[in-house]
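Novice: The residues making up each chain are set out below.
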Amino acid sequence: MSIRWVDTPRTLTHFEKPPPIVADFDNELGLDSDQVQHVAELFNTPLTGAYNWDYTTQDDRIRKLYELGKQLNWNASVDIDWSQTPDFHARPPVSDEQRKMVQENRANALFKGFAPWETMDTDQVIQWMRHQHSWAISQFLHGEQGALLVASQLVSCAPSFNAKLYAASQTFDEARHVEVFNRYLQRKVGFTYPISRSLKLLLDKILTDPRWDLKFIGMQIIIEGLALAAFNTMKQSTQDPVLRDIVHLVIRDEARHVTFGVNYLEEFVQTLTQEQREERAQFAFEACLVMRTRLIPTDVYRQFGWPVEEATTIATGGEHRQRFRNMIFARVVPNLKRIGLLTDAIRPKFEELGLLEFETLPDDGHIDWDELSKPLYDKSA
Amino acid sequence: MKITYRADQAREVRFLPAADDVASRMTTSDVESVVEIFQTPLTGAYNWDYTEGRGRVEKLYELGKQLNWNASTDLDWTIPFSRSEFPNNEAFNPFVGYAPYEAMTQAQKVEFGWHRMASQLSQFLHGEQGALLVASQLASCAPSFDAKLYAASQTFDEARHVEVFNRYLHHRVGIMYPMSRNLKLLIDKILTDARWDLKFIGMQIIIEGLALAAFNTAKMTTNDPLLRNLVHYVVRDEARHVTFGVNYLEEYVKTLTPEQIDDRAQFAYEACVVMRDRLAATEIFEHFGWDVEKARERMLLSLSGNSESRQTFAQLLFGRVIPNLKRIGLLTERVRPLYQQLGVLEFEALPHDGITDWAELEKPLFADVG
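These protein sequence lines are chains L and C, in that order.
Residue numbering for the first sequence follows our numbering, starting at 127 and increasing by one per position.
Residue numbering for the second sequence follows our numbering, starting at 15 and increasing by one per position.
Just so you know, the hints here were simulated from the structure itself, not pulled from any lab data.
Not one of these hints is a red herring.
Listed next, the stretches of chain L that the computed footprint assigns to chain C, with coverage defined by at least 3 CB atoms under 8 Å from CB atoms of chain C: (1) 132-141; (2) 172-181; (3) 292-305.
Glycine is no exception: its CB is placed at the ideal position from the N, C-alpha and C atoms.
Start from the sequences, fold in the hints, and give me the full structure.
Specialist: See below:
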């Protein structure tokens with residue numbers, strides 16, 4: 127084993143072929159040998175952990191969420207049918223029908239009239255769409271790794287017994303999400319994009335802050351809230367049955383995570399002083415500000431040699447476009463309100479971003495136990 | 015929600031509500047959490063290669079996912095066991111024949127037995143909480159992708175262990191003891207050290223190695239079928255954890271400088287010394303008004319009365335830890351004489367967990383539950 131310590135990579139990774147299936151390994155392959163190099167980036171954080179000494183087992187909402195976490199423990203190796211579509215290296219050539227569809231859709235595309243877009247031929251457009259897709263899934267992957275790191279730190283930091291148990295089940299959920307998105311990229315897509323700069327900025331901020339509840343707010347309310355919106359969009363729009371199944375299962379877990387966050391923080395924020403609360407509100411606002419620009423795949427533009435700023439302006443431009451992009455906050459803002467972080471001091475700032483109108487939408491403080499408890503494979507919803 | 019921060023852990027014995035129903039009527043705002051703070055600088059790592067398909071650690075992760083038992087559904091909590099029976103086989107009670115013990119009525123002896131059980135299982139409980147905290151920190155700190163995933167599955171295992179021992183104490187025993195000072199000392203040291211691999215060595219090789227021995231003893235000596243089944247499941251997980259520790263550390267230690275290795279070897283030795291003295295449950299003696307020193311002597315004497323049983327005892331404690339330390343490269347020339355003085359160096363030739371018995375680790379959960 128060797129470990130290469132790096133700054134955040136900025137280049138794409140291509141795979142030659144899909145990785146072997148673990149179950150097929152020869153038992154004593156002993157692959158963890160000298161040739162293996164791991165690529166990692168350090169972060170440092172002072173951690174304020176807590177031993178819990180009361181082990182109180184009251185049958186409260188958090189405990190119930192933990193019980194659901196144990197029951198709904200799906201496994202990417204057995205619960206996803208990976209054979210529904212061919213792996214990337216065995217993908218059939220693009221059919222004439224698909225080609226025709228791409229041609230037709232091109233006329234309504236976001237970049238219509240933009241010179242670099244107009245000069246691409248159909249093959250290049252198909253290639254571009256693949257990159258866009260890889261970029262989006264890669265952000266899910268990196269975001270889930272961030273969630274794994276934060277959730278694991280919450281196990282140490284959360285003061286109450288039930289919250290520690292719950293955080294442990296979430297840690298395992300996040301690991302399974304990292305696993306499943308990674309496998310999808312390596313088997314079905316064939317290459318990955320690095321983490322977007324703004325997502326990394328927010329993860330760094332969350333992971334290295336000494337205040338545990340701030341990590342919690344950043345991850346559980348903001349990043350998970352935005353992710354839930356992105357996953358739902360992906361589930362509706364994807365043509366790939368494998369990806370649809372993956373996202374379906376991931377959403378089941380994420381809904382539990384957001385519910386936990388809102389219910390726990392609602393109680394916890396009340397134990398803070400007014401000043402501490404304003405600090406958290408300010409942090410939450412700044413995190414939203416960072417994430418507002420996160421959904422722009424600038425690395426894809428760069429990869430295709432486009433003028434990045436110009437393309438970004440087109441992607442973000444227009445009031446209609448901005449309103450659409452604001453929709454991803456439809457879950458975050460009501461939840462911030464519910465936990466008491468939409469303070470009078472911070473409200474005008476959200477107003478300026480045009481996000482305050484969401485405050486009256488339903489939050490996740492009220493728990494729909496039927497929805498959270500339904501069997502994993504009921505795909506009717 | 016109310017959180018009480020204490021400077022030190024609670025030291026008193028707690029008598030628990032007879033059933034969970036009292037607790038279940040509480041609302042969240044009635045609940046007070048009693049916590050003790052620890053501080054640690056954490057050196058975490060993002061992994062950017064996400065490489066799959068590298069072998070043993072990944073396979074252990076796969077097993078972790080498959081063998082995910084659930085205390086709420088996989089254990090039969092309705093198995094009856096009377097509180098007026100001895101919880102453990104009296105043949106293994108070191109106080110049989112000891113005057114203060116023999117002076118007790120039958121009912122008092124049974125009560126004493128439950129207190130010993132409470133003390134032992136409370137150590138398991140607190141130890142598992144320590145394991146939960148360390149395993150979760152490993153998910154942040156481990157640099158490689160496979161180890162991060164594995165550490166996350168272990169974090170969940172440890173949470174289920176804390177859950178199940180806590181539930182058993184509430185359900186069956188009704189008494190909880192504080193964490194023994196030695197165990198607390200070691201866990202404090204592990205949890206607050208900045209070097210992640212040292213946390214890993216302390217928890218995965220030393221504490222888990224010793225716990226595995228203690229669990230196997232508990233499984234052997236208990237009269238309660240529920241506890242036997244419970245420990246059976248826990249042991250299945252622990253065996254996987256130790257295997258992971260040995261396999262991963264074996265590779266990792268090779269990446270360290272000789273000076274760093276000596277550091278780790280010294281730490282492991284000190285941890286072993288602390289743990290050797292951990293067994294005497296002095297709080298029970300206090301509770302029953304016994305002379306603590308004399309009772310402690312009696313206990314150690316019965317465990318080390320003749321050279322043969324002393325050896326058995328030492329082997330029980332160190333028979334797994336020493337060969338594993340050797341395997342991962344921490345039985346360095348400098349610390350060997352120290353282990354020699356403890357009289358445990360001879361165990362270095364016993365089987366270690368570096369060779370994985372996949373058939374054993376993979377067998378179905380319910381294969382041999384009584």
